[in-house]
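Q: The listed protein sequences derive, respectively, from chains A and B.
Taken in order, the first sequence gives residues 2 to 223; the numbers are from the numbering used here.
Taken in order, the second sequence gives residues 2 to 223; the numbers are from the numbering used here.
Derived from the structure by calculation, the hints contain no laboratory data.
Some hints here could point you the wrong way.
A pair holds if it fits inside one copy or across any two, identical chains being indistinguishable in the list.
To be verified - With a cut-off of at most 25 Å between alpha-carbon atoms, the simulated SDA-like pairs for lysine to any residue come out as follows: (1) Lys223 to Gly11; (2) Lys60 to Ile206; (3) Lys108 to Lys223; (4) Lys60 to Ala121; (5) Lys223 to Asp44; (6) Lys93 to Leu184; (7) Lys108 to Glu213; (8) Lys108 to Asp167; (9) Lys108 to Arg38; (10) Lys223 to Ile206; (11) Lys223 to Asp12.
In this text, all values refer to a predicted model and were calculated from it rather than measured experimentally.
This is what each chain is made of:
There are 2 protein chains.
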Amino acid sequence: MRIALLGGTGDIGEGLALRWAYDGTHEVIIGSRDPERARTKADEYETELDSRGVEATVKGFANEMAADRADVIVLSIPPYHVGDMVEEIAGKLDDDDVLVTPATGIKRDDEGFHYHRPNAGSVTRIAADAAPDEVPVVGAFHNLAADRLANLDRELGIDTLVVGDDADAKEIVTMLAEEIEGLRALDAGGIANAPEIEALTPLLINVAQNNENMNDLGVEFK
Amino acid sequence: MRIALLGGTGDIGEGLALRWAYDGTHEVIIGSRDPERARTKADEYETELDSRGVEATVKGFANEMAADRADVIVLSIPPYHVGDMVEEIAGKLDDDDVLVTPATGIKRDDEGFHYHRPNAGSVTRIAADAAPDEVPVVGAFHNLAADRLANLDRELGIDTLVVGDDADAKEIVTMLAEEIEGLRALDAGGIANAPEIEALTPLLINVAQNNENMNDLGVEFK
């Protein structure tokens with residue numbers, strides 16, 4: 002299976018790319034608006050993995066080409082780009098592809114971070130509304146701290162929640178999530194249940210900011 | 002210190018009453034609309050604690066009288082009663098009392114459970130708006146499963162998040178929360194940050210319902 006990380010040059014995309022290449026058994030490709038940047042970052046990831054004794058091939062492409070080549074496409078981009086990005090790559094998607102969205106809307110004020118719920122209901126819903134009917138959308142990886150994920154020295158031991166309206170697509174994403182060591186995937190139901198998952202991300206930041214020694218928090222459901 | 006659990010005859014109130022009487026060092030009193038029911042439940046709690054070798058005095062009163070007698074008043078009542086209840090007991094509150102609200106708005110549809118955000122922003126905000134200016138309101142205990150809390154055989158090992166705009170009041174509630182064995186209190190900032198905490202409760206139910214062997218879930222931030 003081939004996994005494309007669109008926006009895979011930073012934030013959560015970088016962490017997922019590194020963890021999948023390190024722990025997983027699938028091919029990872031990096032997408033970026035700028036294909037040169039995608040190639041540079043892909044080389045950096047290869048070097049980082051090589052320094053840890055893992056020989057992995059990570060290639061970089063323009064987003065559209067990365068989407069074309071992949072079976073699972075992760076939209077690791079800001080929430081306000083999600084709808085446009087899905088429309089941009091729609092022509093490259095097949096009915097056996099799976100779109101994955103980890104983005105969440107966050108606004109900040111003096112008090113802290115808050116969930117900025119889109120009119121559509123959730124960012125996951127925006128992706129689903131923009132996707133071709135035959136391409137399933139799964140929400141996952143919303144509540145992972147980017148820096149922690151990208152640092153292979155840091156243990157996870159946390160959960161990610163998976164939502165979607167297509168059981169097969171959810172199963173694929175669950176399988177991929179659990180290839181990452183220390184990450185457990187839990188089913189949170191359909192896309193209608195995405196808002197509360199997305200709202201957990203600003204909460205994690207608020208808890209991290211108000212307590213000592215709690216950076217890059219995740220959660221375990223227990 | 003004397004803690005009143007208004008609506009302490011069931012749900013989260015029952016669990017907090019039992020845990021505080023079992024693990025804590027403070028006097029616990031039960032409030033109910035019906036004082037006879039409060040006394041009956043208080044007797045039941047004493048019997049339950051006695052069966053575990055703990056000699057505790059738990060008394061029951063009408064809500065207003067319970068509030069009058071207590072230093073910390075926990076509004077363990079449905080969210081749509083919170084505003085009215087605070088107004089009802091307002092005359093009995095002193096400026097060194099602390100009001101605590103664990104309630105959250107939840108609506109259910111075919112897909113699952115969702116956060117029903119009140120117009121005021123959060124249930125915690127409703128309580129704060131209804132309270133006399135000099136009485137601080139703290140949000141806490143939103144994300145604890147009632148049955149698990151009320152079953153003293155079940156271990157916790159989970160977190161509760163504390164929000165409020167009065168640091169001293171938060172400190173008191175944090176201290177009380179951590180008297181419960183296996184419960185860790187984390188600071189989540191001011192009352193403006195309450196919506197995301199309240200939204201975590203329906204998410205916990207969705208996760209419990211979609212995964213095997215995950216009843217009465219809590220979370221650990223890690």
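Q: Does each hint hold? Answer for all of them.
A: Hint check results:
| no. | hint | result |
| --- | --- | --- |
| 1 | Lys223 to Gly11 | between (31 Å within a copy, 23 Å between copies) |
| 2 | Lys60 to Ile206 | neither (32 Å within a copy, 41 Å between copies) |
| 3 | Lys108 to Lys223 | between (29 Å within a copy, 23 Å between copies) |
| 4 | Lys60 to Ala121 | neither (34 Å within a copy, 50 Å between copies) |
| 5 | Lys223 to Asp44 | neither (39 Å within a copy, 32 Å between copies) |
| 6 | Lys93 to Leu184 | neither (30 Å within a copy, 50 Å between copies) |
| 7 | Lys108 to Glu213 | within (23 Å within a copy, 34 Å between copies) |
| 8 | Lys108 to Asp167 | between (30 Å within a copy, 24 Å between copies) |
| 9 | Lys108 to Arg38 | neither (28 Å within a copy, 46 Å between copies) |
| 10 | Lys223 to Ile206 | both (20 Å within a copy, 12 Å between copies) |
| 11 | Lys223 to Asp12 | between (27 Å within a copy, 19 Å between copies) |
Of the numbered hints listed earlier, those contradicted by the structure are 2, 4, 5, 6 and 9.
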